[in-house]
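*Asks:* If you read the sequences in order, they're chains A and B. Quick note on the numbering used here: the first sequence kicks off at 423 and runs consecutively. Quick note on the numbering used here: the second sequence kicks off at 62 and runs consecutively.
Just so you know, not all the hints are guaranteed correct.
[What the hints assert, rightly or not] As a list, the in silico BS3-like pairs of lysine-lysine whose alpha-carbon atoms are at most 30 Å apart:
#1 Lys122(B) <-> Lys480(A)
#2 Lys143(B) <-> Lys459(A)
#3 Lys97(B) <-> Lys165(B)
#4 Lys563(A) <-> Lys165(B)
#5 Lys459(A) <-> Lys170(B)
#6 Lys165(B) <-> Lys518(A)
#7 Lys473(A) <-> Lys165(B)
#8 Lys563(A) <-> Lys157(B)
#9 Lys122(B) <-> Lys511(A)
#10 Lys473(A) <-> Lys136(B)
None of these hints come from the bench; they were simulated from the model. In this text, all values refer to a predicted model and were calculated from it rather than measured experimentally.
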Amino acid sequence: MSGTGARENIFATRMALTNTKLRLKGAQTGHSLLAKKRDALTTRFRAILRKVDEAKRKMGRVMQLASFSMAEVTYATGDISYLVQEQAKQATFRVKTKQENVSGVVLPTFEVDRVPGSDFNLTGLGRGGQQVLKAKEVYAKAIETLVELASLQTAFTILDEVIRATNRRVNAIEHVVMPRLENTIKYIISELDEMDREEFFRLKKVQGKKKRDNAAAEAQRLADAAERGEEPQEDEPEAEATEDLLSSKDNDVIF
Amino acid sequence: MTTSFKNRNLLAVIGDEDSITGLLLAGIGHINEHQKNFLVVDSKTQVSTIEAAFQEFTERKDIAILLINQHIAEKIRPTVDKYSQAFPSLLEIPSKDHPYDPSKDSILKRVQKLFGE
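Next comes chain B alone, as it looks inside the complex (with noise of 0.2 Å):
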């Protein structure tokens, strides 16, 4: 469980695209020969593509921190909450069109059901 984060440095996105363009320019993107570090959604974009993409991420070795915009963690949720491995960790963000809802995040919703609210 702890021991496989040694390698693991790179951040990874699945957003829409002026988020994955603000991280991007931060200087997150990291593209080798066949995979790339980020996901495009948009309105058009399948939900199986972004499970795919989650799966993805989530399995690959090198990649310390998957962070995913709130709007679409949604469209995939029940693959969220089953989420629990501690790495990659996963982050829900929030995006330009939609603001931060802490009642919808899976960690959140766990703090709260830990403080017995």
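With the rest of the complex left out, here is chain A (with noise of 0.2 Å):
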């Protein structure tokens, strides 16, 4: 008996040998699928990761202009952070959330979203106010550049864990689904074959036991004939009834 490996626990029966053919039909359809969206989703996630590297490195960069334009500004007004810390009230400078969707998993996407107007008009205002504003561009600009680094990230962070679920799906499906199914089915089919063979042997059984009965009926009925000194002579219809059916017109038969 094929009880190597994990099988289902059910009755077998044709029935269930169908059931369970189409159970791994669907099971390899799925996997397939999965295979795929997987591909699609590594695609994806290679160029979201060549990506991120690219703009960490740009990210590096910009915010050190950033920070030389924040001295320039400290040279030209002196220390204005505190005001600037005490003057923020409202943010303008937002983001925005959109999605995108990549065979099946939603990947948001932010995108800068900026409000006119703002908490610093006085700031710089004695001095230096050139170089505040043009501090303020560039951090803008910066932020601009962090923002797109973010949306890059959580892609990545999202597209790390769904391809790590597919994965798992994928495998849970080739490694334990799928077997489980083939093991059920070969255990069908041999308890089947197991079933015919008994049945094959019931039969001849019963045959063997019917032939042995006949046979002493008929030697019952020769010793009865025997005794009550007779020729048993009723050979003769049972030879008729084993005539060649084809040899004779029967008129019934319309063609």
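Grab the two chains, each in its own frame, and use the hints to assemble them into the complex.
*Replies:* Next up, the structure:
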């Protein structure tokens, strides 16, 4: 018996065999679909990986520039950090989130959403106003880069997670579900064969018994006939019964 | 996981004074009654304060991106490395005194690992 490996605990019937075969087919389809999904995601993932790497390096440069312009401001205006921290009220630099769909996975992307106006209209009014304005612009540019990087990174995190889940599913189907179904099918087939053989054996046994009984009955009859001193003459009708059907024309047969 | 990003539109910062000032100048500062979206870290700031701010910013529902200076992220590195949520997305940024070191970035570390290096 194919009792090797895990199989499902079902009763071996032809219907169960059909069902299991259908399920195996379903599992194979699902497996190939998931594998395709995984490939699509991985392609996307690789592209994003490269971009993340680039963007991170770019961010390093941009932030350096921004720090430099901040230093200019400090040189021209003096320390404005306290002032700025106290005057910040409402964010004018916000992000909007949009969605993008990559083979059934929703990836958010951030977009810069700037509201005109500023909390810092008076900063640098006395001196260094130009530097402050410049720093503002440079930092805004830097944050744009950061936002871009953030969407890449979010996509990276989500894709990473989804790819892992998909991989788990692909492997589960390949190494657990499909072998189990195959084992079940093997088991059912072997059980059915076994039943067939049993049935055949049973029929043979029955026939053997019948033959024996018939022989016994015949012997009995012969014995009885011998006792009465007669010759058995009842072979004739039996011979008629086994006559060839094709040679005789039956009236009921129309064509 | 991906359902709760509609209302997120703010940026938050944990950083040193200069970085914060610059970012605020660009207009990311947002203060309402009892909470602000930035934390100024100097040499006297306790690690526990940074941790608390990090927790607060990552749990707030209106923050899309959390920026943190890399040298500050170093101080709470275990927490940062453990952080794996998609939202808010965490970005380590360089500061004036500490140039960017890609080898320390928690995301880039994973990138490197995935490239098999």
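*Asks:* Each of the hints needs a verdict: does it hold here or not?
*Replies:* Do the hints match the structure? See the list:
With a C-alpha separation of about 29 Å, the suggested pairing of Lys122(B) with Lys480(A) holds against the 30 Å cut-off. Simply put, Lys143(B) and Lys459(A) have alpha-carbon atoms about 28 Å apart, close enough for the 30 Å limit, and the pair holds. For the given pair, Lys97(B) sits about 28 Å from Lys165(B) by alpha-carbon distance, which is consistent with the 30 Å threshold. Restraint check for Lys563(A) and Lys165(B): the C-alpha separation of about 24 Å stays at or below 30 Å, so the hint holds.
Annotation: proposed proximity of Lys459(A) to Lys170(B) holds, straight-line Cα distance about 26 Å (limit 30 Å). This hinted pair checks out: Lys165(B) and Lys518(A) have alpha carbons roughly 29 Å apart, not beyond 30 Å. Distance check on the hinted pair: Lys473(A) and Lys165(B) sit about 18 Å apart at the alpha-carbon level, within 30 Å; holds. Proposed proximity of Lys563(A) and Lys157(B) is supported: the alpha carbons are some 17 Å apart, at most 30 Å.
A C-alpha spacing of about 19 Å is found between Lys122(B) and Lys511(A), which places the hinted pair at or below 30 Å, so the restraint holds. Annotation: proposed proximity of Lys473(A) to Lys136(B) holds, straight-line Cα distance about 28 Å (limit 30 Å).
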